[in-house]
Amino acid sequence: MSEGISQPDAPVEREGRAKGDLFAKFDDLIAMREGLLASGVEDPFNLVMEKVLSPTRAICNGRETILLGTYNYMGMTFDPDVIEAGKQALEEFGSGTTGSRVLNGTYQGHKECEDALKEFYGMDHAMVFSTGYQANLGIISTIAGKGDYVVLDIDSHASIYDGCAMGRAEIVPFRHNDIEALEKRLKRIPADAGKLVVLEGVYSMLGDVAPLKEMIRVSKEAGAMVLVDEAHSMGFIGEHGRGVAEAQGVLDDVDFVIGTFSKSVGTVGGFCVSNHPDFEIMRLVCRPYVFTASLPPSVVATAATSIRKLMHGSNKRAHLWENSRTLHKGLKDLGFQLGTDEPQSAIIAVIMPDLTKGAQMWEALLKEGLYVNLARPPATPANMTLLRCSLCAEHSDEEVSTILGMFERAGQATGII
Amino acid sequence: MDRAEIDRRIRDLIAPFNKNDVMITDATTFQGDLEFDSLTVMDFVAAIEDEFDIIISMNQQAEIETYGQLVDAVKKLVDAQ
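Chains as they are written, first to last, in this note's numbering: chain U, 1 to 417; chain X, 1001 to 1081.
With a straight-line Cα cutoff of 25 Å, these simulated SDA-like cross-link-like pairs (lysine to any residue) come out: (1) U/Lys184 to X/Ile1054; (2) U/Lys184 to X/Pro1016; (3) U/Lys146 to U/Asp192.
Away from chain X, derived, C-beta distances all over 10 Å, residues of chain U: (4) Asp27; (5) His125; (6) Glu221; (7) Ile281; (8) Arg308; (9) His319; (10) Glu322; (11) Arg325.
Computed beta-carbon distance windows for the label pairs: (12) U/Glu221 to X/Lys1076: 26 to 32 Å; (13) U/Ala158 to X/Gly1032: 23 to 29 Å; (14) X/Met1023 to U/Asn383: 25 to 31 Å; (15) U/Ala158 to X/Ala1047: 22 to 28 Å; (16) X/Lys1076 to U/Lys118: 45 to 51 Å; (17) X/Met1023 to U/Arg283: 54 to 60 Å.
Keep in mind that the hints were calculated from the coordinates and are not lab data. Since this is a predicted model, take the numbers as computed values, not measurements. A virtual CB, placed ideally from N, CA and C, is assigned to each residue, including glycine.
All chains, please: the whole structure from these sequences, using the hints.
Dropping the structure here:
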């Protein structure tokens, strides 16, 4: 039981492997991939978008395709103000900073981006990282060190697990969204040990929401600090789009909010916001912040503009909820098995019987002109194969009904419904 | 609690997870012999944690490959209480 990833007991040795080839450890995965491609399906993990027409349309493998798997929830990628801000920064500040945030890599735009985040969340401090992955990696590994305990949901994102491993804290997982399991574990940790509870607002595989209110309460009672990753809820969930903690009225009790620019914000980058009085010291001690180049000026300019626009995005939020409800109900009525009984976010996960059927369905949808994410073990909970749909506020009502028609035809052609 | 008692209690806990009725000795491996996947590991570990009121962190789990190692690890955690 050496790790949280299941492996077959007898590894298949690849023919013709040179002795000492360190790639031998990937043989099972190579075999699985070859098996999948041998069945004749298009490679689901090698799609190229030749042209991107809008937040919801692209040309993929020569076909015009509706995008339903991009996490571009608020459709900001082609917003004219966002594009203009990026162009202007590119011209005025150049194509890149060529430096760390703590040396020559903090420009006016990075400060403006952090100011926009502080205002967006109503918090005292904001720190921008080069990716969302690095935000989790950096904050978790820096605040939870050897001897501390990180208590986390078993379905946490890879960046959270990697942050724990890098910080060498004791990792204590609990069953997904199980408040009692969290509480039990917190009570068994030595009282004087440092404790960090890591939760996500929306879990990206099934699109379900965490019971943050109760979980934060039991965490605080146990004297733990709380970090919430709101990657999949920022901009959409909560009155001001601050996420699930806002929607459940507990944002003030969260010590650290982690987020990303690569979903609702529509570019790339990550961040942490906090009210901790000493938060600024993180800029000096957090290695994934210090030892990498900062984001290009155009990226932080587009992010800052987008974040400010998201503050006033309530109409878009309402339309996105409508899309989510329509698609969820439509797929359910067609007879598909879904990850949640009710729509809880902008992610709708369609559960496939197995990887082969899932890949066939994925391909059938692509040929219909629809792109969704194919998610497979070990990234998925309970070894499920999922077709993950992420909706966009820019999907029109008409597009959503077109999407349902595509699902119906592809589902019937592959025998899934 | 002595090792034999811990062994007996873990044997009771493992039964519902031992789908193929593998004969369990100290050398039985969880991944190879018992074919535990990650979810089974989590549920099995949770059952042991509840039984003995201990925590077996993922870091500690990574060191445990066989049934015998598990019994030894649980004994150590119970003794430390």
